[in-house]
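K.L.:
Going down the list, the protein sequences come from chains A and B.
In my numbering, each residue carries its 1-based index in the first sequence increased by 3.
In my numbering, each residue carries its 1-based index in the second sequence increased by 2.
Derived from the structure by calculation, the hints contain no laboratory data.
Treat the hints with caution; some may be incorrect.
Claimed, not checked - Here are the computed lysine-lysine pairs in the DSS-like style, where the Cα-Cα straight-line distance is at most 25 Å: (1) 236/B to 335/B; (2) 187/A to 98/A; (3) 335/B to 413/B; (4) 173/A to 98/A; (5) 72/A to 335/B; (6) 408/B to 72/A.
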Amino acid sequence: MAHSPSETVNRRDFIYIMSATVSAAGAAVAAWPLIDQMNPSAAAQALSSTEVDLSAIQPGQIVTVTWRKQPVFIRRRTEKEIAEAHEGDTASDLKDPQPDAQRVFKPEWLVLVGICTHLGCVPSSQVRGDYDGWFCPCHGSHYDTSGRIRKGPAPKNLAVPNYEFVSDTKIVIGEGKTPAETSKEHTA
Amino acid sequence: MSGGHSTYTPTNGFTKWLDSRLPLIRVMNDNVTNFPTPKNLNYWYTFGAILTFCLAVQLVTGIVLAMHYVASADKAFASIEYIMRDVNYGWLIRYVHMNGASMFFLAVYVHMFRGLYYGSYKAPREILWILGVIIYFLMMATAFLGYTLPWGQMSFWGATVITNFFSAFDQVIPGLGSGVLEWLRGDFAVDDAAVKRFFALHYLLPFVIAGVVFLHIWALHVPGNNNPTGIDVKGPQDTVPFHPYYTVKDGFATAIFMMLFAVFVFYAPNYLGHPDNYVEANPLVTPAHIVPEWYFLPFYAILRAVPDKLTGVLLMFGAIGVLFFVPWLDWSKVRSASYRPVFRQFFVLFVIACLALGWAGAQPAEGAALLIAQVGTFYYFIFFIFIMPVVGLWETPRKLPESIAKAVLAKNGHAAVQPAQ
Ligand code: HEM
Ligand code: FES
């Protein structure tokens, strides 16, 4: 589009570029609320902590509670399970290596988000898999007694949520820090 | 051919008046009634009409279901039971919609394999093919969204697993995948926010499909139909008007198709579904064996064929993505596989590979099923990115007929040469 006989940049080109730029910026600004409304709403964000009474949980038992509408596993580990978790610290098949000590506050209590890191199924607490932890039936991931991925397609360990002990038998999930964060502060 | 001259002449005062204001009748005449169509189209070519029928069925039954359905995590499951038990003919309308989705995919798969066999994606029909792939992709999105709506166990866990595909991008940029995931679900898990948006989009997408179908047919009517010989139409002796020749043929095929459809709706309405979907969604318990609807099984097999999550997801999307490039992957000058003895055999193997992938997708991913999924996935990709281009270069095609009219006469030689007795 030649606006003037000369080939040089002229006022009309300037106006053309400026109006196109302003329109594009305006469209982007208008689009943002339409995109952001899809994100979790304030109501969904507000449900972010869950209190759990641990006193009824027996050694060797796993209970499932919900936190932010997602399952959380609370496992009161036996001595044998704790020992297995420690042995696992140096295993060669860890895909996402992390020592057990960074995954718990107290060795007896293991708290994990019960969502397989492959495609989001809930791993089974009944069928405990090759490593005595959890087995995900969807595509066959095996987790150990620290919730670490040892075999199968899942790329990461079961996540450890942030939680804190408010008394010896009570925790609040969604408050405080994760064990890994806490242990980093101690070493720092 | 709509670019060519029009064959319509308005005959009376009203049609003349209308024609100079909104030439609707002219457009219908030139694109439907008198549209010149190759005379040799076989029954594989009736699936376009069958697909249009399927889309109409899904739109009508879907809009009716939407009048009774409640999009909410608490009420969705109950509203489906309400449709099934209390709404007058609700069971029928829902069974037609449910099985309609399967019939739609059955038809689209036949239609696509037909296009691959007769080389209908080659110049000048590349855009036509690409629009078809877009429709197929939108259909998959629509069917996935629709399947989540009844809020049964399979709905819920299917939605969970499929939205989780995006979390694979955490392996590329940490946090990216989870961010997209929460954005898609509108919550930390699939819940009320998800079912509401899935319903809104499930309602919307079929209309988008209808729009793309319009473009697809437009792109068909510029070069005109391909045909089983794959050679171009050379003149009027090669064609017949669409009406009545193909309206009747398409109508007959659609009627047969409706019989099959009715067998499912009335005698086996849940055969293609999964019983777990009559159990209400439970976010704390995953069913022991999650399987998608049958029409997604080959892709599910590809997803699970490799142990790495990101690779699995990329391969699965790649399996659809590669279809967009097919027009440029086939280097043979001859369109129809009927005249390509070598390609034809690879094509048959390709169909077998797709069926085998479908079978493997329904089994737990281990042992023989896993091996078949891996071999099938390998062949699926090799077929497109290696066999298609290379076979076209060295294969010697059979001799092509001189024209469609000659091909038809050669096939029905007696009728043409000898007078009737
Ligand atoms: C491309 C066309 C369409 C396809 C492939 C499709 C597919 C599906 C599928 C697979 C289901 C789940 C059926 C079940 O298991 O119960 C479903 C449900 C549903 N669809 Fe569609 N659909 C289409 C168009 C529409 C349209 C246009 C509407 C209009 C709003 C609609 C409304 C619904 C509703 C309300 C449900 C929930 C009721 C039910 O599950 O039966 N659909 N759809
Ligand atoms: S979701 Fe757990 S293995 Fe795939």
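K.L.:
Each hint needs a verdict: does it hold in this structure or not?
P.N.:
Going down the list of hints, with the structure as the test:
1. 236/B to 335/B: It holds: about 18 Å lies between the C-alpha atoms, which stays within 25 Å.
2. 187/A to 98/A: Since the Cα atoms of residue 187/A and residue 98/A sit roughly 21 Å apart, the hinted pair holds (cutoff 25 Å).
3. 335/B to 413/B: holds (24 Å)
4. 173/A to 98/A: violated (32 Å)
5. 72/A to 335/B: Not OK: residue 72/A and residue 335/B at ~58 Å, beyond 25 Å, violated.
6. 408/B to 72/A: It is violated: about 69 Å lies between the C-alpha atoms, which goes past 25 Å.
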